[in-house]
Amino acid sequence: MGTVFSFDVRGCTDTSRTRTALAETVAFLHRMDQVFSTYREDSDVSRLARGELTFEGCDPAVGEVRRLCEEAERRTEGWFTPRYARSGADWDPTGLVKGWATERAAHLVTETAPAAAVCVNGGGDIQLLGGPWRIGIADPLVPGALATVVEVGAEAQSTAIATSGPAERGCHILDPHTGAPPEHALAALTVVSLSLTDADAFATAAYARGDGARAWLERQPDTEGFAIDADGGIWQTSGFGRWSAASPE
Amino acid sequence: MRPLGAGCVMRKKHPLRRAVLAGAGTISGIVLLLAFKPATDPALARAAGPGDPVASADVLENLSASGESMPAASGNALASPSAASVTATASAIPEASASRSASAVPAKTSSALPTPKTTSATSGSSGGSITRTVTGATVSTQYGPVQVKITLNGSTITGAMAVQSPSSTPRSKEISSTAVPQLNQRTLAAQSASIDSVSGATYTSAGYRQSLQSALDRAGV
Numbered sequence: 001m002g003t004v005f006s007f008d009v010r011g012c013t014d015t016s017r018t019r020t021a022l023a024e025t026v027a028f029l030h031r032m033d034q035v036f037s038t039y040r041e042d043s044d045v046s047r048l049a050r051g052e053l054t055f056e057g058c059d060p061a062v063g064e065v066r067r068l069c070e071e072a073e074r075r076t077e078g079w080f081t082p083r084y085a086r087s088g089a090d091w092d093p094t095g096l097v098k099g100w101a102t103e104r105a106a107h108l109v110t111e112t113a114p115a116a117a118v119c120v121n122g123g124g125d126i127q128l129l130g131g132p133w134r135i136g137i138a139d140p141l142v143p144g145a146l147a148t149v150v151e152v153g154a155e156a157q158s159t160a161i162a163t164s165g166p167a168e169r170g171c172h173i174l175d176p177h178t179g180a181p182p183e184h185a186l187a188a189l190t191v192v193s194l195s196l197t198d199a200d201a202f203a204t205a206a207y208a209r210g211d212g213a214r215a216w217l218e219r220q221p222d223t224e225g226f227a228i229d230a231d232g233g234i235w236q237t238s239g240f241g242r243w244s245a246a247s248p249e
Numbered sequence: 250m251r252p253l254g255a256g257c258v259m260r261k262k263h264p265l266r267r268a269v270l271a272g273a274g275t276i277s278g279i280v281l282l283l284a285f286k287p288a289t290d291p292a293l294a295r296a297a298g299p300g301d302p303v304a305s306a307d308v309l310e311n312l313s314a315s316g317e318s319m320p321a322a323s324g325n326a327l328a329s330p331s332a333a334s335v336t337a338t339a340s341a342i343p344e345a346s347a348s349r350s351a352s353a354v355p356a357k358t359s360s361a362l363p364t365p366k367t368t369s370a371t372s373g374s375s376g377g378s379i380t381r382t383v384t385g386a387t388v389s390t391q392y393g394p395v396q397v398k399i400t401l402n403g404s405t406i407t408g409a410m411a412v413q414s415p416s417s418t419p420r421s422k423e424i425s426s427t428a429v430p431q432l433n434q435r436t437l438a439a440q441s442a443s444i445d446s447v448s449g450a451t452y453t454s455a456g457y458r459q460s461l462q463s464a465l466d467r468a469g470v
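Note that the protein sequences, when read in sequence, are chains D and S. Each residue of the first sequence is one higher than the one before, starting from 1 at the first, in this note's numbering. Each residue of the second sequence is one higher than the one before, starting from 250 at the first, in this note's numbering.
It is worth saying that the hints were derived from the structure and are not from the lab. Among the clues, some could well be false.
[What the hints assert, rightly or not] Taking CB as the label site, the calculated pair distances span:
| hint | chain 1 | residue 1 | chain 2 | residue 2 | range |
| --- | --- | --- | --- | --- | --- |
| 1 | S | T380 | D | T112 | 30 to 40 Å |
| 2 | D | F28 | S | T380 | 30 to 40 Å |
| 3 | S | T380 | D | P114 | 31 to 41 Å |
| 4 | S | T380 | D | H107 | 53 to 63 Å |
| 5 | D | R66 | S | T380 | 33 to 43 Å |
| 6 | S | T380 | D | S16 | 29 to 39 Å |
| 7 | D | G212 | S | T380 | 46 to 56 Å |
| 8 | S | T380 | D | E52 | 51 to 61 Å |
| 9 | S | T380 | D | W235 | 50 to 60 Å |
| 10 | S | T380 | D | E41 | 43 to 53 Å |
| 11 | D | P60 | S | T380 | 47 to 57 Å |
| 12 | S | T380 | D | Q157 | 49 to 59 Å |
| 13 | S | T380 | D | G241 | 37 to 47 Å |
Bear in mind the structure is a predicted one, so any value in this text is a computation, not a measurement. Here a beta-carbon is modelled for each residue, glycine too, at the ideal position from N, C-alpha and C.
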């Protein structure tokens, strides 16, 4: 299995230039996959884990992501960490790198070719530049239904939406303090922020933290959260309402 | 840029978008990086286990665009000047021009390569609307391949069904029998809500969504 990136570029005045921009962006995503994938034995991250590379010997993007991981760890009070070893790796940035790559992809598209609005969906985590957009938040309890809709106005410059949860796969997020799945019963947690790098790491950390994440999310600037528990109960941070449109039928 | 037909169906909630679209092209594309871990949260994650295949394919790409640079051979549905959708993204771009596989793709890719199909296209008798069906790419999931077909009248989705859904195990069958009909409804619900994209951490439905997204991309809605 893997990740789908879906692009929607609106208001591009030069279509062929936008196609070039998309091709370059796709090439960037492939490069980052080759650098960061823990499913590739020859990726920088895999070689790092085997001790065949040092951080200094890695692609420069690794250094950037490493700094972002450290910042995310600090801002999430340790609930996000790249050092929580999965399959023996000492450094696993995957909880942040997809959001980071998706955010970078959105900017790459618009930097190369002017556009009115861009939506890049990287496996369910979304970076928007411009607007307007209507983004459905999948209902984790009812496959096929939407729990709510995030409405982004035409005036918006940058909006990011990331959702974490065990979904149908069973829990794959671990409490970094215990190494076990969280004991809470949240079925999914969505974070809306300005940057998908932040939103992805924050959604991961907040899901691991459970209901305790609500107060923490409230304290984060330009960040809102929306959570659904296993019984269908919903909580959201106080400012989430400005994003949510009326629920679909 | 194709002219806006008289039967043009626009999303009512986006007056600005309408203005933008009238003067500019729209491009959408879909890229599948199968080696990227699917989970959103692997930093705190454990591997999903043996059921989480590294990939049956490495890379699947389908970039499509509307506008003057479109290949002419994009199917009879889109050749009509009265086709309803302005965001049309070439449902039937010849694969050679629109779907590119990365050079590193292993031979296994063939199972998941998209074969854009516009299986039917008939002109409506009034209003310039066109009924057509568009089939999305086959997407591999943990439970088996998923492929979605949508039916459109103009740019309105009037039906969605899975032409392939997992049924190789009792569990897969169970998931398919309950989830797929609900997913079909969701397609229609999303349509009525004018959803541009969906955020979520679902898994089987991710395969459906991938295929659905590719069908939407091809249909240009």
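message: Verify the CB-CB distance for D:R66 and S:T380 against the hinted window 33 to 43 Å.
response: 53 Å, violated
- prompt: Taking 49 to 59 Å as the hint, is the beta-carbon distance of S:T380 and D:Q157 inside that range?
  reply: Given range 49 to 59 Å: violated, Cβ gap about 39 Å.
- request: Starting from the range 50 to 60 Å, see whether the pair S:T380 and D:W235 falls in it by beta-carbon distance.
  value: 44 Å, violated
task: Look at the Cβ atoms of D:P60 and S:T380 and judge whether their distance stays inside 47 to 57 Å.
output: 52 Å, holds
message: 30 to 40 Å was suggested as the range; check whether the CB atoms of D:F28 and S:T380 agree with it.
response: 39 Å, holds
- prompt: Is it true that the C-beta distance of S:T380 to D:G241 lies inside 37 to 47 Å, as the hint says?
  reply: Hint holds: Cβ distance 40 Å, inside 37 to 47 Å.
- request: Starting from the range 30 to 40 Å, see whether the pair S:T380 and D:T112 falls in it by beta-carbon distance.
  value: With Cβ atoms ~37 Å apart, the hint holds.
S:T380 versus D:E52 beta-carbon gap, inside 51 to 61 Å or not: 57 Å, holds
query: Range hint 46 to 56 Å: satisfied by the CB atoms of D:G212 and S:T380?
result: 52 Å, holds
- prompt: How does the Cβ-Cβ distance of S:T380 and D:E41 compare with 43 to 53 Å: does it lie in that range?
  reply: 49 Å, holds
- request: Please test the hint of 31 to 41 Å on the beta carbon pair from S:T380 and D:P114.
  value: This hint holds: roughly 36 Å between Cβ atoms.
- prompt: If you check the beta carbons of S:T380 and D:S16, does the distance land in 29 to 39 Å?
  reply: 31 Å, holds
When the structure is compared with the earlier hints, violations turn up for hints 4, 5, 9, 12 and for no others.
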